[in-house]
Every structure is written in structure tokens, then in C-alpha cells.
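Given next are the chains, with one letter for each unit.
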Amino acid sequence: MRDALLDRPVYEPEEGEIMEVSMGPHHPSTHGVFRMDVKLEGERVMKLKPVFGYLHRNHEKIAEHGAYLAAIPYTDRLDYLCSMTNNWGYVLAVEKLAGLQVPERAEYLRVIVAELTRFQNHAGLIGFLLQDMGASGTPLMYAFREREKILDLFESLSGARMMCNYMRFGGLRVDATKEWLDEVRALIALLPGFVDEFEALLRANEILMARTQGTGVLPRELAINASVTGPMLRASGVNYDIRKVDHYGVYDRFSFKVPLGEHGDVYDRYMMRLLEMRETVKILEQALKDIPEGPVMDPKVRLRGLRPKAGEAYGRIESPKGELGFFLISDGTGNPYRYRVRPPCMINLTILEDMCLGHNIADVVIILGSVDIVLGEVDR
Amino acid sequence: MLGEGIIQGLVETARNFFGSYVEKDRLTTVQYPEERLPLPEASRVFPFLLYDGKDPDAGLRCVACQICEKECPPRCIHIEKSKDKKPDFVGKMQVYPAVFDIDVSVCMSCQICVEVCPFDAIRMDKVFELSTDNRFRKLLYTKKELSKPNEYYQKIHPLEAAETDERRAKEAEEAKAKAAAAEAAAKAKAAAAAATPPVGEASGNGAAAPAKLAETKGSPQ
Amino acid sequence: MALPPVEQIKAQIEAGVPGASVTVILNGSPSAQHSLLLDPAHARAVAELLRDHSEWRLDYCTLVTGVDWPDTETSEKVKVRKFVKAADGTESEQEVDEVRKTKVPGYLEAVYHLFSMEKKHGQVVLRLRTGNRTDDTHVPSLTPVWRGAEFQEREAFDLYGIVFDGHPDLRRILMWDGFKDYPMRKDYVPPADEIPVIEVHS
Numbered sequence: 270m271r272d273a274l275l276d277r278p279v280y281e282p283e284e285g286e287i288m289e290v291s292m293g294p295h296h297p298s299t300h301g302v303f304r305m306d307v308k309l310e311g312e313r314v315m316k317l318k319p320v321f322g323y324l325h326r327n328h329e330k331i332a333e334h335g336a337y338l339a340a341i342p343y344t345d346r347l348d349y350l351c352s353m354t355n356n357w358g359y360v361l362a363v364e365k366l367a368g369l370q371v372p373e374r375a376e377y378l379r380v381i382v383a384e385l386t387r388f389q390n391h392a393g394l395i396g397f398l399l400q401d402m403g404a405s406g407t408p409l410m411y412a413f414r415e416r417e418k419i420l421d422l423f424e425s426l427s428g429a430r431m432m433c434n435y436m437r438f439g440g441l442r443v444d445a446t447k448e449w450l451d452e453v454r455a456l457i458a459l460l461p462g463f464v465d466e467f468e469a470l471l472r473a474n475e476i477l478m479a480r481t482q483g484t485g486v487l488p489r490e491l492a493i494n495a496s497v498t499g500p501m502l503r504a505s506g507v508n509y510d511i512r513k514v515d516h517y518g519v520y521d522r523f524s525f526k527v528p529l530g531e532h533g534d535v536y537d538r539y540m541m542r543l544l545e546m547r548e549t550v551k552i553l554e555q556a557l558k559d560i561p562e563g564p565v566m567d568p569k570v571r572l573r574g575l576r577p578k579a580g581e582a583y584g585r586i587e588s589p590k591g592e593l594g595f596f597l598i599s600d601g602t603g604n605p606y607r608y609r610v611r612p613p614c615m616i617n618l619t620i621l622e623d624m625c626l627g628h629n630i631a632d633v634v635i636i637l638g639s640v641d642i643v644l645g646e647v648d649r
Numbered sequence: 007m008l009g010e011g012i013i014q015g016l017v018e019t020a021r022n023f024f025g026s027y028v029e030k031d032r033l034t035t036v037q038y039p040e041e042r043l044p045l046p047e048a049s050r051v052f053p054f055l056l057y058d059g060k061d062p063d064a065g066l067r068c069v070a071c072q073i074c075e076k077e078c079p080p081r082c083i084h085i086e087k088s089k090d091k092k093p094d095f096v097g098k099m100q101v102y103p104a105v106f107d108i109d110v111s112v113c114m115s116c117q118i119c120v121e122v123c124p125f126d127a128i129r130m131d132k133v134f135e136l137s138t139d140n141r142f143r144k145l146l147y148t149k150k151e152l153s154k155p156n157e158y159y160q161k162i163h164p165l166e167a168a169e170t171d172e173r174r175a176k177e178a179e180e181a182k183a184k185a186a187a188a189e190a191a192a193k194a195k196a197a198a199a200a201a202t203p204p205v206g207e208a209s210g211n212g213a214a215a216p217a218k219l220a221e222t223k224g225s226p227q
Numbered sequence: 015m016a017l018p019p020v021e022q023i024k025a026q027i028e029a030g031v032p033g034a035s036v037t038v039i040l041n042g043s044p045s046a047q048h049s050l051l052l053d054p055a056h057a058r059a060v061a062e063l064l065r066d067h068s069e070w071r072l073d074y075c076t077l078v079t080g081v082d083w084p085d086t087e088t089s090e091k092v093k094v095r096k097f098v099k100a101a102d103g104t105e106s107e108q109e110v111d112e113v114r115k116t117k118v119p120g121y122l123e124a125v126y127h128l129f130s131m132e133k134k135h136g137q138v139v140l141r142l143r144t145g146n147r148t149d150d151t152h153v154p155s156l157t158p159v160w161r162g163a164e165f166q167e168r169e170a171f172d173l174y175g176i177v178f179d180g181h182p183d184l185r186r187i188l189m190w191d192g193f194k195d196y197p198m199r200k201d202y203v204p205p206a207d208e209i210p211v212i213e214v215h216s
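Residue numbers (our numbering), protein chains in the order written: chain A, 270 to 649; chain B, 7 to 227; chain C, 15 to 216.
By construction, these hints were calculated from the structure, which means they are not laboratory data. It is possible that part of the hints are untrue.
Said to hold, decoys possible - Residues from chain A that face chain C, not an exhaustive set, calculated with beta carbons under 10 Å:
hint, residue
1, V507
2, F596
3, R607
A virtual CB, placed ideally from N, CA and C, is assigned to each residue, including glycine.
Just chain A, with the same shape it has in the complex:
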């Protein structure tokens, strides 16, 4: 029975002519340079092949040519909306590989910046998704208004709004000041109100429900088998959140819920992001309450010229898009022998065809939007 899942569904046309459409790479709905070769029978999708690689720059090879430190600013450019979580995934893998310890304050600050990243990513994604559905501009601008406040915080902490380059193996580059933490506290006091508004804006909208409910259904078994991760997996009802499973960092100290979907359609994926934004605010409140004083960098760690013992390590975190992992093989020199990224966006695209078959071409746009891809990470 399990293997039956793996047979790709084929949509059989009843009659009519077949038209091939190349959607992208410069299609406004594809969130970057992404192309889909679609075969259509009328308006219905019969076949869909994702084509990408337009932004490929061989990130892995670049990182293999540089020292361990030099790869951190490059990870910012993977998923350029969430550079903080990308940094964390990489430094976590290096810490596992070299057996480094992280001071407690640094762990708390990592949680704070990662959850802020998650919040702004989800807000932005919902904005783009609704834009794809035809709610032009308004929700997106509301989302960007809040995102802007978070990016300003990132800038005053790390110096850059998007390419933060903030984390280091063994800690963080700079400490947060008391004023910065107070600013975050002031901001997260406003965030629940924003989520309420954002939810009320379109959640019960009849047009939106008609468009999204039952569209792009991803069954639970297929989601697991196709290694789908993140909010998309949880929308299909699988309770798998790496923050809960691995307890990396200090996530075991916070109480938060993992929202789960039931139907695995576009609407569930949209709601999943809204619900996760609420949980994120909860984690932020707890982290800001408990954050201890102390150093943010282990003074024993050599940033320049780190040479881990020969071996390998896989470190993974729950990024806003899904499981972001870094697999490193060291041969004892100053460069990683093998540096591999597990890009959640690219792997979540595996089942794009399965979700789109039989739907109208207009639905392809919102199904792709609900996957939440960033081409910097898909193509690397």
C-alpha cells in the first residue's frame, strides 16, 4: 500500500488539445526566477515540471574553498529573508563538528533573533500568498510594515537589515544592549495585536476560502515520504517540529504549542503560518523574560583558522521554511572538505506536481505561493 503512494498521479485528459505553457522564469507569481513547464488541457494542469537553477552559484563549492568563518556571510544569501536562521543552522553544524560550547546568553539571543525572523518571514509569506490570490497590495503592505520594524531591530543589533552575518560558532558576534532588548520587548507587545488584525483581514473571507479550501491537498503519508518539512508538513497533520524533536539551543525551556493542520490544503498552510506567528510571540516573551547576563562568545573558540578534527557532522534547525540542515565533512584542514546544505525550499518543491495536477492554472500560482520558496535557497 505504501508503494502505491510513490506512483505519480497522472491526469488523463478526456478530450481537447494539449497546450504547453512555460510559466516563468520571469513570471510575477513565481517569487523569483523559477519556471514551471506546464501541460494544459484547457485550464487544467496535466503535467508540471519545476525547472530551476537560474540563480545557481554553487554556494557549496564556494564554501568549500573558504575557511569555516568565511562561509557564514554566504549562508545569509541562501534564504535571504531569514539570514539569522541560516547562520544558526551553519554554526550549529560547526559546533557539532568541532565540539564547541555556546554561552547561555548567546543561546537566548539566538532564540530571540530566530523567532523574530520566523515572524517576519511568515508575515511576508502570507502577504505574498494573498497577493497571488488577488488581494493586491494591502495585506502585503501591512506585513511589510511589521517586517520593517523587525528589520530595524536587526540593523541596530547586527549592522545589516537582511544580510545580518550575526552568529559565530561558539557564540555571537556582538552582544545585545539593554536598550535593544527593551526595544524588542516594546515591539512584541504590539505583535499579537498585529496578528489579530492580520487574521481578521482575510481569514473568514468567503472568496479566499473558496479559492484555498481543498486546493493543493497534500496527504499526510506523501508529505512524510517526500521529506516535506516545516509549516507545510504540519499543515498536513504531521506533528514534527525540530524545535520540539531535537531541542537544539535552549528550546526545551520554553513552553509553546505546535499548530497542526487537518486537510493539508492551501488554507491550512495559510492558517499554519498565522498560528505559528502567535506561538513565536509566546516564545519571544519567555526568552526575553529569562535571558541571563553573561558573555555571548566562548573566548576559547578560534574563529580564524578553525581546524576541526577529521570527521563529519549534520546539524539541523527548524527554519521558517522547514528543516534547514548543514552537513559538514572535515579532513582536518581549515576548509570544510564537504559542505552541504539541506535546502528546505527545494525539497518542498518535490511534490509540487502532485499537488497541482487536475487544478486550474490559476491555482498553481497559489499552491506555489503556499509552499513558500525563496530562490536563493532553491538554487544555491
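Starting from the known structure of chain A, arrange chains B and C on it as the hints suggest.
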């Protein structure tokens, strides 16, 4: 009731529209070229080189150790060492960069050069309106364009600069004390065993240091 | 419930799949993530066993990585007895040092990281190796077992040239279709505009 959700959403847009006249949180836009927000202290754009005093050539802190060149992830820094030497802020003779170029069209503003520099010689700038009509020549910054005085650094990163200046003043103080002690010891030795050529050379070095020191110490305050 | 140590997994695999030979590869780094080297002939059966095993249920294949291990040459000094002509013309048998070079053929490797979403444990690392780097670059595809491996196996094929037998749609994925070489291999030379290798200082 059908349409209830739509009305609910329209209430939100109305609240945001009218709210933007009264609530500051709802109207966050500024009219950029005319109106500007202050940049935070930590904000960074591209690196520049620091010099002490008035003369960019004499006061340049960079000693052409080439650590930043090696550590730069996109390798946008190009340094050529000088043949001769000049004294640094503690009076030690050091080489200086004959050529120091940064290709800012390649630079990704990661700040790793600043982190690895042991001489406080390179820092991040805050100027971001750098567009030019020539993508090759005008985006390759040479030593002349990169050198900026310490006063400029104090203006753009006040807290960071204060910390650096304090540390450097302390280092200079220590070096001065050490040089004075060495000089005294040398004099005592010279007095004891008549003058010998190497001592004369050493005292010559020592003499150059205090003059340079006065300059460095003078500039931060 | 945690997974048993790799040695026990190896024993159970060998008991469960007749004829399969599994080698444990120890990992010297502090992460201590050891891996299992499978023989290509039984890899598919082993993968199915791991996925459907009632206690392990490794239903989630996170990561597929291609790794290139180029040919290496080891040289060792050996003492050989040889007839040596001395300066005065007489020949005598003597012990002479000779450098003997042995060429160790390289291989390409596909590394699979497995977790279990149902039991929430992990990880098990599987490795598959090709015969060499030139003509025998085939390994069995595990996409029929875990669909999540589909794009990543295509990527390993694209960038390393590992051919996954049984993959439903093995095409280039990141590079364009007409591209000839395998850019992630260690001996790849970019056509122009070479990337300099950063020399690492101590």
C-alpha cells in the same frame, strides 16, 4: 451570513486607513530623499581605512599584514606591501600598504575584515548612496579614497570609536612606559660601559616614538 | 525511544536482508555520528527494511549528499635487495631504499541521512559508494523508497556525476541540460575566471 468575512476584512482596512492619520505605528513611511531616518550605530556598508592625525599617508594605521585580504570571503581586497617602513602609533617600525584596493562591487559588507584586523585599521562606513555611472573604475576604491580620519569614525560610530580610542591610548601609554624604561636601561648600560653604536640606533627609535604618540593621543579628545 | 547503536543496526540489517553486507564507518569528530556503508546490490532492500522496520520506522530521508573522494597516491619506502654496481666495477647484492607508489582508486559517495517522523528519533547515516570516478559511477537510487530523495539525487547526479539506477527522472537540475562537466568534483576546473583556492594559515 455570506459576505460577513468580507465586511470584517474591510473594517480592518478602514481601521488602518483612518488610523494612519492618528497612530504613528500605522504610518511608518518616510519620504526618502527629502526625509531620512538616522542610521543605527551598528549599521554598516563598506569598509574604509582609518588614519590618525592630519596626514593620511603618515597616520594610516594599516600595516599591510594582509590578514583581511586572506580572510575576506569574496576576496575583494588587494594589498601590496611597501618596501620601506614607517613608525606606527607606538613607535614600532612597520611596513605600510603601498597599494590597498577594495572592489566594492564585489564586497558583500560582511564585516569580517573588521573583525580579524588586529590593528584597528579597517572599519565599516555608513555611506550607502554610492551609485556611479562607471561600474569598473569608480567602484574600485584605492587607498586614497578609502583613507578617512579617526574623527570621521568617531562621528559615525561614537561608542565603538570611544572604546577603540581608549584601548589604543592605553596601549600607547604602555608602549611609552616600556620605551622609557628601555631607554633608561640603555642609558644606564651606556654610562656603565661607554657608548656603543647599537645603543645610539635604539635611542633614535625611541625619540621618534614620543612625537608620534603626542599626535595619536591628541586626536581622540 | 532512541535508536540502538550502529553495531546493532548493522547486525539486524544483516539478519533481515540475506546476503547484505554492511560496514560500520566510525566518525572521529565530537559529533560521533557513525554511518553504515551498504553494498549496492542490497541497498534498496536494506532501505525498505529500515523504512518499514516496526521499531525504527525511518520514514524520513532528510538529506542526500554527494561526496567526491579523488584517487590518492600513497608512497612508502621499502627496502629491496638489489645488485648494485660499486665504483670499482664489482657488483654486489645490497639493501636499497626504494619508493613504491600505490594508487588508491577514488570513488564517489552518496550519503543519506535518515530520521523517523513517527518515532521522532534519528539519525541513521547510510553510505553508498561507486566503483570508481570515471566509468563505474552507478549506485542504486533510493527515490523509490523515499521520494524526498528525488531532487537531491538529481542534484548529486548533476554536480558529481553519480548515476542513480532506478531513478524515475534523472536529469540535470541546477546546471543547464547541455552542460558537460561535474562542477562539484574536486578536480573540476572552471572554464574561465578561475576561483582561487584560499590558502589556510595556521
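Each hint, compared with the structure:
no.: 1; hint: V507; verdict: holds, 6 Å
no.: 2; hint: F596; verdict: holds, 5 Å
no.: 3; hint: R607; verdict: holds, 5 Å
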